[in-house]
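Full structure from sequences and hints, please.
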Amino acid sequence: MKLKEHWETLTWTWNPKSVRESSDSVVRNLLLHWFPAKISRPSLSFRYSFWLGTISAVLFFVLCATGLILMFLYVPSVERAYPSVKDIEFVASYGGFIRAVHRIAAHLMVVAVFLHMMRAFITGAYKNGAGANQRRPVNWVLGVVLLLFTLLLSFTGYLLPWDQLAYWAITVGTNIASAVPLIGDKIRFFLLGGTEIDQNTLLRFYVLHCFVLPTAVLLLFSWHMWRIRKDGGLACVDRLALNEKQKTSASIKTKTYSLLGITSGRTVQVQTSYINEDEHLVESSPALTRRLLLVILATMLVTLLLGFLVHAPLEQAANALVTPNPAKAPWYFLWLQELVADTTVHLGSYTVSGAFIGGVLVPGLLVLLLAAWPYLDRSSVHATGVWFAKERQRQNMVFLAVVLVVVLLTVVGTFMRGPSWHLYWPWQPWPETPTRF
Amino acid sequence: MKSMKLPSVPKAESNVTATVDVSGRRSFLRSLGLGALLAGLAGQLIAMVRALVPNVLYEPPRAFKVGLPQDFAEGMTYVEDHRLFIGRDQRGLFAISAICTHLGCTVKMLNLNQPRTVEIKGKPVQIQQEFQCPCHGSKYYGDGTNYAGPAPRPLDWYRLEVSPDDGQLVVNSSQPVHHDFRLNA
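Respectively, the protein sequence lines represent chains A and B.
Just so we're aligned, residue 1 is where the first sequence starts under this note's numbering, counting upward by one.
Just so we're aligned, residue 1001 is where the second sequence starts under this note's numbering, counting upward by one.
Hints are not guaranteed to be accurate.
[Said to hold, decoys possible] Each computed SDA-like pair below joins lysine to any residue, with the alpha-carbon atoms no more than 25 Å apart:
1. A:K2 <-> B:D1156
2. A:K2 <-> B:K1123
3. B:K1121 <-> B:P1150
4. A:K86 <-> B:K1139
5. A:K2 <-> B:G1035
6. B:K1123 <-> B:G1149
7. A:K38 <-> B:Q1175
8. A:K4 <-> B:G1024
9. A:K4 <-> B:L1034
10. A:K390 <-> A:R41
11. A:K2 <-> B:G1033
12. A:K4 <-> B:R1030
13. B:K1065 <-> B:H1179
14. A:K2 <-> B:L1037
15. A:K230 <-> A:K2
16. A:K328 <-> A:L361
17. A:K17 <-> B:L1037
18. A:K4 <-> B:S1027
19. B:K1139 <-> B:V1162
20. A:K2 <-> B:H1178
21. A:K86 <-> A:K328
22. B:K1065 <-> B:L1183
23. A:K4 <-> B:P1150
24. B:K1121 <-> B:L1057
25. A:K86 <-> B:L1057
26. A:K86 <-> B:G1035
27. A:K328 <-> A:W427
28. A:K2 <-> B:Y1058
29. B:K1108 <-> B:H1178
30. B:K1139 <-> B:Q1175
31. A:K86 <-> B:N1055
32. A:K17 <-> B:R1030
33. A:K17 <-> B:G1033
34. A:K86 <-> A:V322
35. A:K2 <-> B:R1030
Treat the hints as calculated values from the structure; they're not laboratory data.
Have a look at this one:
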């Protein structure tokens, strides 16, 4: 059948019929070329990594696709932004759906990237293992930067609808930025393109959101994946080598590469293969590609389903004269807002602003500590790529405690803060507050 | 039956392969999953493309008022805001578009010193104006018929009506009419 033949010609790399074809697949297919020809079985495990990195990447591409369509329909002018969003919601066919998917994918991506970071920390995947010339701490720092960029992407996108929610959330966020000592006001001036949140701000955030940050994320993501290959694969692969080393084996001079990575240096280094390849490796096509397609399917299913069910909110048009009460930052910054509200310190006649302590100092220190942790970690190579390694128990517990505090602050900020930032139980009704004076 | 040999348990030999059975349930589930993914992607793509086809246009209306009928004397009057000519002869009022049918430039009107008779569709017609396009040299008779230059067809004639609320002339540029059309007003 001709149709079947055509289908085969197009898809054979995803469905190789021999080991030879499988190796050829990663050479002959553009999309598959960034995978190794063979991959270790532990890397494929759902329970090790939950494929959170893949999920984050899929969500990013969903955001790019839906965002592209929204770019055709949205107008980044202060007079026309809000009406154009209303057009997207109510006039353009599937506009509301595409916008809902975009918003859901954005929230899911923040969650996925954060969970991915947690998993990498808890499994000690930022640590070097048994391979030569590994630089996993570099990859970890790249990951932290990607996390920050994800949050920034979400933040810049939040302003674009130009409704009350957007305007005041960004007011809170940029005022926290101005609490940076010495240069805070200059930072705010540069970010806003002035002293007020106005046309300059909108255009600036639009360009950051649609071009600068996505390009930066794509480049860093490529580097992030490149580093995985250079480091010999996921951290769990190093365990195979370490376990194998315990058995006595004759060193065989074979022309294989260190672990599964490519050696560095100018001459080809002939090294012993550390792991029994037949035992631990499978062909990437179809083993990896199969699971990849499955994860893409599952992620798209959840995202599209939630896009059907959950409508993206649109409040009243932005009004610089009327502040909603309460005015909240986007949910991923609510823990910061909680800290800011709670950390104003009075030392005699001196007042240290909560914006500085809670908005700049504490999160700044946390991010620095997070990024630098691989260089401070003293655990041995045996804790690389292991869930809850005994050796790293204390650091894992402290890490989880900090995450728990952040989550709790976010929950309090979301569900328990009412007008004037007073505490309310989630079921307690809020009092009516006057919106105009 | 396609089969792919993959190592599933540690084996002593190095060139071993084990068989993965791709028939029956496995192949059905695979087709199901692939089909679902492709359907989802296709649906998303269709939605995205359809979203770019506008349902509502914020352009100016195609039917508009141009003034009272008595404001237009015998001969041709150019209505600048809408790129058209309102003409009046013995039989009544008519509207000719000033948009050249070649590439859309605005044509200029020439009043002829002496009216001349030309043949349009086999019948002799007396014309007192001509239209000429400055962009590529298209020439039209006073009734819009193209006789020289790259213009492929005559200038459009638009339907004229009188508005019931204030008696103004209404030009409907979405309704082209024949050269016989006249409005008695």
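- Tell me, which hint numbers fail for this structure? Those not satisfied are hints 1, 2, 4, 7, 15, 19, 20, 23, 24, 26 and 28.
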